[in-house]
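Enquirer: Sequence:
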Amino acid sequence: MNSDKITKYFLFAGSLLILVVAGGMVFSLVGGAIPAFHKFGWHFIVSSDWNPTEGRENYGALPFIAGTLITSVLALLISIPMAFSTSLFVAEYFRKTPVASVLSSLVDLLAGIPSIVYGLWGFYTLRPFIMHLGLSPQGFGVFTSGIILAIMIIPYATSLSNEIITMVPNELKEAAYSLGATRLEVIFNVIVPNARSGIVASYILAFGRALGETMAVTMLIGNDNKIPHSLFDTGNTMASVIANQFGEADGLKLSSLIAIGLLLFIITALVNTAGKFIIKRLS
Numbered sequence: 229m230n231s232d233k234i235t236k237y238f239l240f241a242g243s244l245l246i247l248v249v250a251g252g253m254v255f256s257l258v259g260g261a262i263p264a265f266h267k268f269g270w271h272f273i274v275s276s277d278w279n280p281t282e283g284r285e286n287y288g289a290l291p292f293i294a295g296t297l298i299t300s301v302l303a304l305l306i307s308i309p310m311a312f313s314t315s316l317f318v319a320e321y322f323r324k325t326p327v328a329s330v331l332s333s334l335v336d337l338l339a340g341i342p343s344i345v346y347g348l349w350g351f352y353t354l355r356p357f358i359m360h361l362g363l364s365p366q367g368f369g370v371f372t373s374g375i376i377l378a379i380m381i382i383p384y385a386t387s388l389s390n391e392i393i394t395m396v397p398n399e400l401k402e403a404a405y406s407l408g409a410t411r412l413e414v415i416f417n418v419i420v421p422n423a424r425s426g427i428v429a430s431y432i433l434a435f436g437r438a439l440g441e442t443m444a445v446t447m448l449i450g451n452d453n454k455i456p457h458s459l460f461d462t463g464n465t466m467a468s469v470i471a472n473q474f475g476e477a478d479g480l481k482l483s484s485l486i487a488i489g490l491l492l493f494i495i496t497a498l499v500n501t502a503g504k505f506i507i508k509r510l511s
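Numbering (the working numbering), first residue to last: 229 to 511.
Source of the hints: derived by calculation from the structure; they are not laboratory data. Remember, predicted model here, so these are calculated numbers, not experimental data. Honestly, I wouldn't trust all of these hints.
With a straight-line Cα cutoff of 30 Å, these simulated BS3-like cross-link-like pairs (lysine-lysine) come out [as the list claims (entries may be wrong)]: (1) K508 <-> K401; (2) K481 <-> K267; (3) K267 <-> K324; (4) K454 <-> K481.
Label pairs and their computed distance ranges (CB to CB) [claimed, not checked]: (5) H271 <-> G479: 12 to 22 Å; (6) F240 <-> E476: 37 to 47 Å; (7) D452 <-> M310: 20 to 30 Å.
Here a beta-carbon is modelled for each residue, glycine too, at the ideal position from N, C-alpha and C.
Turn these sequences into a full structure, and let the hints guide you.
Expert: Shown next, in the form of structure tokens:
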């Protein structure tokens, strides 16, 4: 057997293993969520009631779906201008300079910091600052969590955007400059159109990272099982409610938490699918 066939079989085995693991995850989540959906039906998705009292148990995932989407979208909106500006600074304005090298290293460092460290920083630094501004009585809430999430996902969006922007052919930029275009015109008429699919992909990747974040959000969102009525209100996310209550859950409550995990899996899959569709249209 030659090396090409060995490589082919090895790659096939790796791809098959990924499919088996993904299928096993879906199978276990669906199996664990069946009792909750059997008890509450599709009302589980749109209900905002979360009552673990024995004999009157009633569970609904809507507050956690809302908290997850609100914090993630807020984080994405905050991170986009910062990530886009940083990627242009590193990959275009100060490309191959010591300043760009240092900033790029700092961005990579931010990507490697554990989420619990971000949570501690947010709890002891950002939260008191929010309290000092009078935006929230105890500093907890959707806004605080959104800021932390934005800081956490900026490195992901920035790093990928850097790579995409640097891949834009220099010939295109030089041709635009030779026609009298300014740097700003080159950025928005040459670089962005050629790199937009990759830039959008970086933001989708960052958004997916925000959807599943657990520890930092758990420490700052307030962990109230209700739908937030403002950016400065407390709430809960799908990941944080699982982290908080999974250890002591059993029976119907455990099944409801697994069902929330299944819904988070589905939402993430839908976001990735929509992102691929958008990238295909932009390419």
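Enquirer: For every hint, state whether the structure bears it out.
Expert: Right, here's what the structure says about each hint:
Only pairs whose Cα atoms come within 30 Å are accepted, and K508 paired with K401 is accepted, the gap being roughly 24 Å. For a cut-off of 30 Å, the pair hint linking K481 to K267 stands: about 11 Å separates their Cα positions. Using a Cα cut-off of 30 Å, the hinted pair K267 and K324 is violated, with the two alpha carbons roughly 60 Å apart. The straight-line distance between the Cα atoms of K454 and K481 is roughly 17 Å, inside the 30 Å bound, and the hint therefore holds.
Separation of H271 from G479 is about 19 Å and conforms to the stated range, judged on CB atoms against 12 to 22 Å. Hint check: F240 to E476, Cβ distance near 43 Å, so the stated range 37 to 47 Å holds. Hint check: D452 to M310, Cβ distance near 29 Å, so the stated range 20 to 30 Å holds.
Figure legend: structure checked against the earlier numbered hints; the only hint not met is number 3.
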